[in-house]
Amino acid sequence: MTDQPAQSDSAIATADVKHKSKGFSAIWVIPIVAAVIGGWMVFQNLLEEKPVVEVTFKNAAGIEAGKTLVKLRDITIGKVTQVEFAKDLGVIQVTLEFEGIEASHISEKTRFWIVKPRIGVGGVSGLDTLLSGAYIDADPPPEVGTPATKFVGLEEPGNYQSGNPGTSYTLKSTELGSLSRGSPIKYRDVKVGQVTRYRLADNNAAVDIEVFIQAPYDKLVSQETRFWNISGVEIDVGSEGVKVDMGSLATLISGGVAFSTNDGPSGEQARAGSIFNLYKSETEEAEAAEVAFYVPMKLYFENGVNGLLKGAPVEFKGLRLGTVDNVAAEASVDKSELLTFATVRLEPGRVPGEDSRRQDSEEIRTKAVHEFMDGLAARGVRAQLKTGNLLTGKSLIVLEAFPNTTPEPVKYVNGVAIFPTAPESLAGLAEKADEIMAKVNRILAKVDAIPITKIGNNLAQTTTNLNKIPMEEIGKNLAIASAKLDEIPVTQISNDLANTLASINDLVESLNAAQGGVMGVQMHQVLAEITKAARALRGMAEYLERHPEALLKGKKSN
Amino acid sequence: MASNVVSAMSRGIAGCHTCGLAVQMPDNTEVECPRCGAELHYRKHDSINRAWAFLIAAFIMYIPANTEPMMRTTSLGNTSADTIMGGVIYFLSHGDWPLALVIFAASVMLPLLKMIAIAYILILTQRASSERRIERTNLYKIAEILGKWSMLDIFVVGLMAGLVQLGALTTIAPGPACIAFAGVVILTMFAEMAFDPKLIWDKME
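So the protein lines, in turn, are chains A and B.
Whatever position you read off the first sequence (first residue = 1), add 23 for my numbering.
Whatever position you read off the second sequence (first residue = 1), add 1081 for my numbering.
Some hints could be false.
[Unchecked claim] Pair ranges (Cβ atoms, derived):
1. A:V59 <-> B:T1251: 51 to 59 Å
2. B:I1226 <-> A:K139: 22 to 30 Å
3. A:E198 <-> B:H1175: 52 to 60 Å
4. B:H1098 <-> A:A88: 19 to 27 Å
5. B:A1186 <-> A:D151: 48 to 56 Å
[Said to hold, decoys possible] Partial list, derived from the structure: chain B residues whose beta carbon lies under 10 Å from chain A:
6. F1140
7. D1177
8. P1179
9. L1182
10. Q1246
None of these hints come from the bench; they were simulated from the model.
By construction, the Cβ of each residue, glycine as well, lies at the ideal position given by its N, Cα and C atoms.
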């Protein structure tokens, strides 16, 4: 030690100063290292970028600040740091802090929902939350979008689109039936998707059912795909007898949807979000379930609506265009008259080739139908009541061109098209009667033209020719032929055949040992000899095994 | 009493740090013990500087030891991380104040008091103050004895982490504060070992 004596002894004071001027001692590395480690510990939380977002929920049952986790495909990616009411107490603001996920992944398309245990006929989900408590599920889209910090949480659990590739479609139906969230979508009885959501359509006239078909089965859905409900029991009494059609018991209770594509999966996959009809059954005619889209139309018939009932078809050139929705009457504007009218649903989906328009929005399709109707009206086409069935007197509406009338435009009242009509006039009936008379006349004229006298003459001539055939000679020839056939020795041939069969029998018997045949007995003897030989060989082998020296010395005599 | 005593150093005698042999020191600075061959000094080498370095390092580690979580408890999927003070407050709020007091004393107060005590001794010694020499020496003794018990916390956490591994039910894992806390205890022990209590008595006129 140099410093201690130096402090008290002036002679070595210089050494003391020298030592101090060295300044930095290696020992001071320790507090520096401690400072670095401690600083890193304290500030690592602050340095780490933790995206924070706010999600609002209507109901936040089971959500606890500091405890509830945020998960992505069952892996924790963050937790709830704060739960508080919004200013108006209307919603609950939940603040989430993420860890281990980049902020750019939390974009505006990210969806959040609370996972709670759910038990339904279709299955049980979120059972793990019974022990761990509810958690918040996040579903960030795979692509990086615009970052956002405020979200509205989903009330219903979403379907994993990013983790679960597939496509969503919308089915339209008049009623929901027993379908519910999670009802299976089946293809050839294999579950390929499920009902994710349903709601009333905007006009409340139908139900929109959102379905999610998992990849790769979503490729099976093309524009021609037909979806039908497999929820119920279908009993069909027809000419072939009684036919009962029923899906599985589970679908009977929880509902289900099946689909098939007639042309196989060769067609192009339908675009995501395409709208399809949901038919009531697999075989149901398109007429009865065409609800997906229609354009309302009103037809005023001056001479009444005799025999026209709800459900009657509307035809154009033999093709069904729509259905009569209602038959009613209203007072005219000046209250002097009662106007009878029929409201009609024009259903473009029935027209072949209209399938390609299925992906268009309803507005565009409505406009297209209106344009089509305008075009028809401009060419003088009018709606007319016609008797479809002479027995029941039921009527149908036919759109027909009347070249002699002046074209009348389609009027629109509150978006409902009022198409011009033509009365089923008496003049029209008279015209028809004339037509029939003319036809009858033409037939009569043709009948007149038939040369009956000439035909008679020809017949007489043919008879004379037939008389000339030499019948007696033919008879003689036949008698000779039959005599010759009698001469063939049939008995002898049959005896020979019997002999041949007997000798074949003998041969077979001689082969059959069980019946004492020669060959059989001989075969038995041969087999017995072979068995004896085999036994002797085995004896020798065993003896040799025990006494290998016998090979050289020969068998010892006992 | 102490002023009448002549120190060994003033007589040019140093005790060997290793075997305790009293040796007459020559003027050369580099000398070794004739019995065991250890280097001989009158006092521990660079004692005050070293003690300060370890003490400052201990003070620095004391910050994360208290702000970072000591123990992470995962129970049924919920993870909670508790700092030392968090644990004290938890026990207090549950009316378990004796336990809270023990934890507070052993884990918060004791290391802090020990560090302050060493700092106090160091400052006075550096100033060559002649005040309260006996108290300082006693303080040093107490600090040396009590400091060892500060590792209690680390032992408890180590024991818990080893025992409570019940999979999904409950799992306990040590937090980063464990390392910092162990650092505090070890560094203060080093500081106290680096300090030579004889220095307290050296600067007598």
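- So which hints don't hold here, by number, going up? 1, 2, 4, 5, 7, 8, 9 and 10
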